[in-house]
Amino acid sequence: MEQVRQTVREALRDAMAEEMRRDPGVFLMGEEVGQYQGAYKVSQGLLDEFGPRRVVDTPISEIGFTGIGVGAAFGGLRPIVEFMSFNFSMQAIDQVINSAAKTRYMSGGRIGCPIVFRGPNGAAARVAAQHSQCFASWYAHCPGLKVVAPWSAADAKGLLKAAIRDPDPVIFLENELLYGRSFDVPDDPDFLLPIGKAVIERPGRDVTIVAFSRMVDVALDAAGILLRDDGIDAEVINLRTLRPLDVPTLVASVTRTNRLVSVEEGWPTAGVGAEIAALMMEHAFDALDAPVLRVTGADVPLPYAANLEKLAIPQPDDVVAAVRSVCHRA
Amino acid sequence: MEQVRQTVREALRDAMAEEMRRDPGVFLMGEEVGQYQGAYKVSQGLLDEFGPRRVVDTPISEIGFTGIGVGAAFGGLRPIVEFMSFNFSMQAIDQVINSAAKTRYMSGGRIGCPIVFRGPNGAAARVAAQHSQCFASWYAHCPGLKVVAPWSAADAKGLLKAAIRDPDPVIFLENELLYGRSFDVPDDPDFLLPIGKAVIERPGRDVTIVAFSRMVDVALDAAGILLRDDGIDAEVINLRTLRPLDVPTLVASVTRTNRLVSVEEGWPTAGVGAEIAALMMEHAFDALDAPVLRVTGADVPLPYAANLEKLAIPQPDDVVAAVRSVCHRA
Amino acid sequence: MTPDGIVQPGKGLVMERGAGVGEPSAEELIRLYRDMLLIRRFEEKAGQVYGTGLIGGFCHLYIGQEAVVVGLQACAAPGDSMVTSYRDHGHLLACGVDPKAVMAELMGRRTGCSAGKGGSMHMFDVAAGFFGGHGIVGAQVPVGTGLAFAHRYRGDGGLCLCCLGDGAINQGQVSEAFNMAALWSLPVLYAIENNRYGMGTSVERAMAGRAMSERGFAYGIPGREVDGMDVLAVRAAVAEAVAEIRAGGGPRILDMKTYRFRGHSMSDPASYRSREEVALMRSENDPIARLRARMLGEGAIDEAGLKEIDGALKAVVAEAIAFAEASPEPVPAELLTDVLAEGRG
Amino acid sequence: MTPDGIVQPGKGLVMERGAGVGEPSAEELIRLYRDMLLIRRFEEKAGQVYGTGLIGGFCHLYIGQEAVVVGLQACAAPGDSMVTSYRDHGHLLACGVDPKAVMAELMGRRTGCSAGKGGSMHMFDVAAGFFGGHGIVGAQVPVGTGLAFAHRYRGDGGLCLCCLGDGAINQGQVSEAFNMAALWSLPVLYAIENNRYGMGTSVERAMAGRAMSERGFAYGIPGREVDGMDVLAVRAAVAEAVAEIRAGGGPRILDMKTYRFRGHSMSDPASYRSREEVALMRSENDPIARLRARMLGEGAIDEAGLKEIDGALKAVVAEAIAFAEASPEPVPAELLTDVLAEGRG
Ligand SMILES: Cc1ncc(C[n+]2csc(CCOP(=O)(O)OP(=O)(O)O)c2C)c(N)n1
Ligand SMILES: Cc1ncc(C[n+]2csc(CCOP(=O)(O)OP(=O)(O)O)c2C)c(N)n1
Ligand SMILES: [Mg+2]
Ligand SMILES: [Mg+2]
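Residue numbers (our numbering), protein chains in the order written: chain P, 1 to 330; chain V, 331 to 660; chain Y, 661 to 1005; chain G, 1006 to 1350.
I should point out that these hints are in silico values taken from the structure, not numbers from a laboratory. Please note: incorrect hints may appear among the correct ones.
Simulated coverage check for chain V against chain G, where a stretch passes if three residues somewhere in it have a Cβ under 8 Å from a Cβ of chain G [claimed, not checked]:
hint : stretch
1    : 415 to 429
2    : 434 to 441
3    : 470 to 477
4    : 545 to 558
We treat Cβ as the ideally placed atom computed from N, Cα and C, and that holds for glycine.
Bound-form chain P, shown alone (with noise of 0.2 Å):
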């Protein structure tokens, strides 16, 4: 397939657009998405091609919002609803679970919610624990939610267009770090990744590193370390999806590689990593040769010291580490 370059930030403002082009009942909703044209540009030029009746600019006023984009989703529209940040969820994050995500099983199946809930989610540069949570565990642990979190620009688009299409809630996790950052992304307005799907960036031998969102340049730049260093030969699969997971293809890998290493930004207790550390042992038990380690954020809010910080977040040096701990074990 063709394939056109572009960053994570087009590739969400196109997945946007052509879905918007698509479904006239897809409409975005959030804070300065229309005539600022979205605080981090995600949205830029989206109010000019759909005018403000589709790209609507809110108050600050988030619980209500969201309210409001999960009754329009009730009444058959397709909103996509933007946090700024997802720190700003946790204000409407009452909507997103009692009414969004659990409405279908609550009605017996009568009502729907298809709505994306999108925005930047965990830390960017500098901005301080009020700015920076991961709320990948959070939602991942709710019943009724979809949970994407892309790495690429092609995640982004797939993913995101595949969630607009989505007759459930999606939460659709992006990272700031990453909007400006380039990949290819394949030239077909159909173009469509399957929600529950991981993928393997990097096939290996010798051990599995598991990450999602930027997690999974630091997850590759280990790999890349670890080859050139001690001779092993990483795989990385990057998640795409945190709920539903994708237990198979992690099953299979460690399966073969025997060893696992889950990485991701968020907090350790009863994150993803601890999740996807339970699944081997329920799933894989057999195959391992060493604990499942997780390298994670540090267990803090999320300093603004620039040194500080930098502890606090996973570098591949913390993936190296925990790497050699497992395959020195077995």
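Using the hints provided, position chains V, Y and G with the ligands relative to the given structure of chain P.
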């Protein structure tokens, strides 16, 4: 020590009353805590004894009164904020996490937030999806909090008193179905239980069952069945605190039993059981003769129908089955 | 089944929507009466059945407030939507949902309008325009505002009837929704069912300042007080508000002064209000008794006619109970369906 | 260090609290001027330093709004508390926090007022009565209301000066806090720093209905508009409101009409307002220039005196920068401290 027989409800009330007598800065606020005597009668009599200055009925404004509680704690008071149920803490969770939990760190230790958030958590009887969520894993995920989940009346009393005296924000997860249960409680106004310590409720040699809150009952029932029917001698650990988890106690137990099953009523993905499984990987991999198994609530919003509700919540038989599985495996 | 087909689900049971314009005919008075009485009889029975254990969990009866939802629905048109809180049985019935489906849901049966999975607080019937039944106080207000957003987006001419309690008015998300509804001039009627108490807390103890009807003034939303115990007053006020909304006037607030005759839910110490207060409301200000008196006074109906209606409605309710009791629980496999769309085979 | 001890942390730097009653003396005019100019010079430098990369993340400058916080603090008494949003540098300085500690925090240094862990948006100085520095829009409003609750609970006679932006007014938690503050008659002054925009959204595009000052009317909270570019108008309005609050009158709202001369944060396309609008405000309505003109007109100071003040303040700021640059980052072990109280050895 002299013991008195009392219900969990009474133990909670006595804990609050004693601490309010001891420290004039302690006050209780929430919906229906005063004149109504508590939606579940936990604050029975407190308005009479302490008056409306210290037992404050609020409007149905969770994020507002939570923020007011946080501000009062910054201002030197020791608020106890009651959520009529923890489900409604979702409305206020931004204040809990961003204001209460993170401020000590963000201020470099210049300001603390001694506050207790308490109320019933998880499923009650037939109250369906929006009123039955277990928030154990969400709160346990977040640094800056302590998370406590008592089972017995003694737990309730000793831990709530400790929580009120604690200099940091404590999430105190009660269980409505336990309120009416009676237990022996030490008759001592200075009876405190340490936050961060688990307790072995039933020693055993063959397998470790880890539970918290009402699931301790389920675990104990399962242990009884296992001994009777299978001759399996299960050790039952009551976690009491979910953050920080008492890793040494868990590791010591599993080092003896070589098998572990965790039981929680919350959802599986990235739950407390996942964390325990990951910790056992990391700290006791070589001691494990079988994978750590998780018994959890079904991965669905809690259904209303009586038969489905029962299927959705862990029952002793589910624990028995999991224990048999790990014990027959080695 | 009565001669006029009263038990057919979703139609005929309640009056034609949009009928509530102009002076009510004798026939319409009778329909209003019947609709209110259906709710009353249904709720009375639900309360009894709760006592037997066949209904579990939280169950919030609507007894005393019937005039509000019946007056609202009298002015609704096909395609309009409605949302409310957990106190929703009456709303379902007023939307024309089959009492059998509501009762079966209360008992957690497969035939319930939420297939037994939602229970009292979480009922839905999209075909009837009823979008829940929301257990979180205030949450239905942004949701209802979003339904209004969808009406406007599609240009379908519909509006949302968004009910909330007096206690819910103090939820911040309600203020947020008011602001956006006004800013975007959305077709939504906020009907505050002001029964004076949110659980055990009186309005005075929960709300500072001015009259509840003025809670929208800051956002430019007109509001007025309505005697919520007079179904004709409700109907008239709603008709006016709905006409203004349909004409593009944006949201309206009606503060419906009403009262619940029973406890907040099935367990309620009732210590927050006096027996006398309740007794007085029941005896002097029962919306059903008031309409009955008027109808008799006007000669719109006679005692025999009233009796016939009551008998028919009691039969409807009895049939609903029989139906629900005879209905099976969901099959165990239903535990895992309906989490997502693809979960259903 | 200037002769009057201007760089001593936490005292002498800003005027005595509670001084803002009655007609301002020439000396007070000078202090108001100096306090505003300190903020201006500090923020100008912070903006420059940001460009060098020594400050990172979000950084919201207060330039243009100085009259608001200086006028507020002119009426504060010892023991009063203050909270605001992330746009907080000026508030810290006006509370008397050492500019060195503020600048060091901006640079993420160990000597910063949050030990380098909070950064621009999360600064605290309890001794100075400043309780943050809150990054979540609107969150400081319930928190400030809680500080007022604590003042009342303790009976310490204090009040909370609670600042919020025009955008924050649309947060539901603000409405909730207003209602409870009014219901419980708490000693809190809500100072809306109405700089016309929340990020790129003008007040008109965010807020329906009436004037911002009337957003408390529904709760019975008096409110009024204030020329927030005139420090003496601010001081007078605050003095009156504070007196009413201290007398037990409950909360007050002041809608301070102000303007930010810079972008929302350091990256701002500024496409939402015209260059002319900004230029006009800067040239016609600069709070510092306005006070300067008045002082010169009244003969309270002469050009030489102004120059001396400016020189002294520039020195203070330069010293703050030098101090911050010379300060070390936190030691790595600080990563894990201060999560809980016991974390600190
Ligand atoms: C956010 C939230 N907080 C608290 C509750 C518990 N609760 C259920 S009903 C209720 C009272 C609501 O009163 P009102 O809005 O007046 O409605 P009414 O019950 O009178 O119809 C409360 C506090 C809830 N369901 N949701
Ligand atoms: C709850 C929340 N939503 C969104 C944001 C992102 N944000 C930061 S500042 C801001 C604008 C606030 O405007 P205003 O209240 O007028 O204050 P100003 O910046 O003008 O001082 C927004 C939307 C946030 N920090 N918190
Ligand atoms: Mg009420
Ligand atoms: Mg502003």
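Original post:
Which of the numbered hints are not met once you compare them with the structure shown?
Top reply: 4
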